[in-house]
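**Student:** Please put together the full structure from these sequences, using the hints given.
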Amino acid sequence: MKSLKRFAAGWVFFVLAGGLALAQGPSAAEKLSSRLPEGTIGFAATGGFEQLKPAFNQSSLGQLWNNPGVQAFYAQTRDAIVARIKLEIAKSGDQGAESLVSILPKLVEEIIQCPVAVGFVEVPAQDSTKMPFGVMAIVEAGKRKEKIQPLIDQIEKLAGDAIVDKTIGDMSLRTVKDSGDVPVVWGWYKDSFVLMVNNASGDWLGGLKTPSGKPSRLAGVPGYGDLFALYCDFQKIGGIVTRAAEADGKKEKRDQVRKVLDTLGLLKVQSLTARVGFSGKDMIMDKWIQVPAPQTGLFSALKPVDMKLLARTDARSMTTATWNVDLAILYDVIFKAINAVAPEAEQQDIQKAIADVETQAGIKIRNGLLASIDGSMVVQSYPSLVISEVPTGGFALVAGLKDAALFEQQINALIERFGKDLKPEVLQIRTGKLEGGQSQTFLISPALSLVQIVPNWTVADNRLILTTNPNLTTIILKQYVADKPAFASLGDDKAFQTLTAKLPSGIACFKYSDTAVSAKQVYQQLQQVWPMAMGIASGQGLALPVSLPDIQEQLKGLGKSVAYGYLDNDGLHGHYQGSGLEASAGGSVAGGAIAAAVMLPALAKAKGQSQRVVSMNNLKQIGMACHMYANDNKEEFPPNLEALVKYDLTDKVLVSPRKPANHSGPSYIYIAGQKTSSPIENILAYEEPSFAKDGMVNVLFPDGHVEAMKADKFQEALKKTYEQLGQPMPEQSKSSGDAKAPV
0 MKSLKRFAAG WVFFVLAGGL ALAQGPSAAE KLSSRLPEGT IGFAATGGFE
50 QLKPAFNQSS LGQLWNNPGV QAFYAQTRDA IVARIKLEIA KSGDQGAESL
100 VSILPKLVEE IIQCPVAVGF VEVPAQDSTK MPFGVMAIVE AGKRKEKIQP
150 LIDQIEKLAG DAIVDKTIGD MSLRTVKDSG DVPVVWGWYK DSFVLMVNNA
200 SGDWLGGLKT PSGKPSRLAG VPGYGDLFAL YCDFQKIGGI VTRAAEADGK
250 KEKRDQVRKV LDTLGLLKVQ SLTARVGFSG KDMIMDKWIQ VPAPQTGLFS
300 ALKPVDMKLL ARTDARSMTT ATWNVDLAIL YDVIFKAINA VAPEAEQQDI
350 QKAIADVETQ AGIKIRNGLL ASIDGSMVVQ SYPSLVISEV PTGGFALVAG
400 LKDAALFEQQ INALIERFGK DLKPEVLQIR TGKLEGGQSQ TFLISPALSL
450 VQIVPNWTVA DNRLILTTNP NLTTIILKQY VADKPAFASL GDDKAFQTLT
500 AKLPSGIACF KYSDTAVSAK QVYQQLQQVW PMAMGIASGQ GLALPVSLPD
550 IQEQLKGLGK SVAYGYLDND GLHGHYQGSG LEASAGGSVA GGAIAAAVML
600 PALAKAKGQS QRVVSMNNLK QIGMACHMYA NDNKEEFPPN LEALVKYDLT
650 DKVLVSPRKP ANHSGPSYIY IAGQKTSSPI ENILAYEEPS FAKDGMVNVL
700 FPDGHVEAMK ADKFQEALKK TYEQLGQPMP EQSKSSGDAK APV
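Numbering (numbering that gives the first Met the number 0), first residue to last: 0 to 742.
Check each hint, because a few of them may be wrong.
[To be verified] Cut-off 30 Å, straight-line C-alpha distance, at most; resulting in silico cross-link-like pairs (DSBU-like, lysine-lysine): (1) Lys692 / Lys658; (2) Lys142 / Lys52; (3) Lys286 / Lys555; (4) Lys645 / Lys419; (5) Lys286 / Lys493; (6) Lys619 / Lys645; (7) Lys156 / Lys208; (8) Lys483 / Lys493; (9) Lys267 / Lys302; (10) Lys213 / Lys286; (11) Lys307 / Lys555; (12) Lys280 / Lys559; (13) Lys144 / Lys30; (14) Lys235 / Lys30; (15) Lys302 / Lys363; (16) Lys401 / Lys351; (17) Lys718 / Lys692; (18) Lys335 / Lys351; (19) Lys307 / Lys401; (20) Lys52 / Lys189; (21) Lys419 / Lys432; (22) Lys146 / Lys30; (23) Lys146 / Lys208; (24) Lys235 / Lys250; (25) Lys422 / Lys286; (26) Lys189 / Lys144; (27) Lys176 / Lys105.
If you're looking for bench data, these hints aren't it; they were derived computationally from the structure.
**Tutor:** Structural data, given as structure tokens:
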């Protein structure tokens, strides 16, 4: 019986996950969604890849996907994963699972070609004892029925006599024997495959036979072929939740939740509609959160953006985002929501706790810090190797201030209170003066300095300018505070002008991205970590491709993208137009963190990989100490590694775990005579090459990042470094690894 239930659950999951996540298509999705029952509280629909393919192939995303290298990479990765799954199943001896793995990929390949709709349907209280809702999935198979049916027959055969016939009206369907309180039935109506969960009567089939003549639930949002469509009726969903709470005797808790939602302005939200499609090379996505005016709560904190701010934005930025949120209103709404459900005694405790924090910090949160900020902000991200003054790229925030003097007083109070408690080896706060006389504050952290991040800020012309690099702050000042922008601005960019020509009024948030540049940044980072990922996967029995596919030409064609949101009397609307492959430096960092989290458990099983990682970390610490030295010595790196002792560089760090017992020379070779402004491609230090039994030499660069380079590439970079420095290339001993280089 347990295996029967697992099969039923797996079948439902397959139809929902396989059919929805993979199926893509144009406006057939809208037609198919109209065949779902009247009681549908939400649905997702696609139009089938067979109809979508021509539009997809014309898009930037399609051109990237159709790259032969990408296809080969995908095929090899897929085959490696499937082979590993089959191996594990074979070890378990489960022949049924082994057969299922062979059938499902074929079934998925057929289903993704078809229009698919999956709806969640409200079930009246008298008809439901376990679930207040059910699921109905429809696959419009058409001529593919004759290919899909045999595959379904094979899956049913695996379940044996657990699958039986069930007649509903004039339809002969299939079901799980003794399915209990939540019945599951499936079968064919003409050329449409249907699956229903928690509908024993079969009344949901009415819409399948006679489509509703009512306007489409998607009608409030424009469509461009409907690659994907989504609809949720929050009022009906709220009704189901309320009913469930009352049935469980939790009326008081339900009332508290309603109070909070009402205060936050979310109780008035009626529905969410989203549609995604293609137009030429672009992917288009439109969203609508239906909230009738007047909007309250969180929505009342959204204010129109002054698009004139972007006339000052540096066109070299990779991504520019701007929004306008009244932080004081947001603060008030949140505390009003807390007070709506908290007893009076708890409200007093909260107010006292806030007052204590304010007293300790010497500031006022609501009427001081938040009141000094006007809510309009612009965030920019800059790519690496584009701006000579900021070779590693960075981020910049420009925030408007209502009261610059009040803001500086609040920030200075915080620094005065907490700055003295900071440990210098962890974080230092320093101040200086810019050319224009503005005060500049630096947060110096050894860990951040390693990757060339020095958070700093200044206040000028009623603006807070906060960046990750002092040189970037100077650039932003020249762009925003000077009489005229010092560099070309977004307002002069033709692609920007085209994408923003018909913006609606009342824009509350806006984002403009150079997808080609941002995707290239991510691709380069992936190239750096891929050899390690491939090696680790190989140790785990996965034969991944040895290198990433060459997609440089496709990345160049990704172009620009724009996204924005605005409020009107009908609610909050969102629009996106671009390649559909958006990437950001923040996303790169997150992706790198995820990749590291996946890799670390495997490293324990691969001694060689582990030693290389430890050695790379040693070089990172050397880089950190070098930058701390440079901060104290006019941006010049130390004359040798011995000069770094006072920066807590221990002897242990200077010994590579890959060093052979008979090696008498240093583990790391340092190249003196360089500065923080030295070319980013120069080598600052490197691990003795003879240690690299895997052919990968660990290398430290002037910007603080560390790479594992192939031996031939390392030798080329080493030669160029010495040529740039005007120094002779040192001899290297192949036997001992001793390098006659300055240390």
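**Student:** Next step is simple, just say for each hint if it's right about the structure.
**Tutor:** Structure-based check of all given hints:
A threshold of 30 Å between alpha carbons decides the hint, and for Lys692 with Lys658 the separation of about 11 Å falls inside it, so the pair holds. In summary, the hint linking Lys142 to Lys52 is supported, as the alpha carbons are separated by about 17 Å, within the 30 Å threshold. Restraint check for Lys286 and Lys555: the C-alpha separation of about 28 Å stays at or below 30 Å, so the hint holds. For a cut-off of 30 Å, the pair hint linking Lys645 to Lys419 stands: about 22 Å separates their Cα positions.
With a C-alpha separation of about 26 Å, the suggested pairing of Lys286 with Lys493 holds against the 30 Å cut-off. Annotation: proposed proximity of Lys619 to Lys645 holds, straight-line Cα distance about 17 Å (limit 30 Å). Straight-line distance between C-alpha atoms of Lys156 and Lys208 comes to about 28 Å, which keeps the hinted pair within the 30 Å bound. Taken as a hint, the Lys483 and Lys493 pair is honoured in the structure, with Cα atoms around 20 Å apart against an allowance of 30 Å.
Taken as a hint, the Lys267 and Lys302 pair is honoured in the structure, with Cα atoms around 19 Å apart against an allowance of 30 Å. Taken as a hint, the Lys213 and Lys286 pair is honoured in the structure, with Cα atoms around 21 Å apart against an allowance of 30 Å. Proposed proximity of Lys307 and Lys555 is supported: the alpha carbons are some 29 Å apart, at most 30 Å. Using a Cα cut-off of 30 Å, the hinted pair Lys280 and Lys559 holds, with the two alpha carbons roughly 11 Å apart.
About 19 Å separates the Cα atoms of Lys144 and Lys30, which keeps this hinted pair within 30 Å; it holds. Among the hinted pairs, Lys235 with Lys30 is consistent with the structure: their alpha-carbon atoms are about 22 Å apart, no more than 30 Å. For the suggested pair Lys302 and Lys363, the alpha carbons sit about 23 Å apart, so the restraint of at most 30 Å is met. Among the hinted pairs, Lys401 with Lys351 is consistent with the structure: their alpha-carbon atoms are about 27 Å apart, no more than 30 Å.
Proximity of Lys718 to Lys692 is assessed by CA-CA distance (about 21 Å); at most 30 Å being required, the pair is judged to hold. Proposed proximity of Lys335 and Lys351 is supported: the alpha carbons are some 16 Å apart, at most 30 Å. For the given pair, Lys307 sits about 17 Å from Lys401 by alpha-carbon distance, which is consistent with the 30 Å threshold. Distance check on the hinted pair: Lys52 and Lys189 sit about 25 Å apart at the alpha-carbon level, within 30 Å; holds.
Our distance criterion of 30 Å between C-alpha atoms is met by Lys419 and Lys432, whose separation comes to about 21 Å. At roughly 23 Å between alpha-carbon atoms, Lys146 and Lys30 fall within 30 Å of each other, so this suggested pair holds. Between Lys146 and Lys208 the alpha-carbon distance is near 23 Å, which keeps this suggested pair within the 30 Å criterion. Distance check on the hinted pair: Lys235 and Lys250 sit about 18 Å apart at the alpha-carbon level, within 30 Å; holds.
For the given pair, Lys422 sits about 48 Å from Lys286 by alpha-carbon distance, which is inconsistent with the 30 Å threshold. Our distance criterion of 30 Å between C-alpha atoms is met by Lys189 and Lys144, whose separation comes to about 9 Å. At roughly 26 Å between alpha-carbon atoms, Lys176 and Lys105 fall within 30 Å of each other, so this suggested pair holds.
In summary, the one numbered hint that this structure violates is 25.
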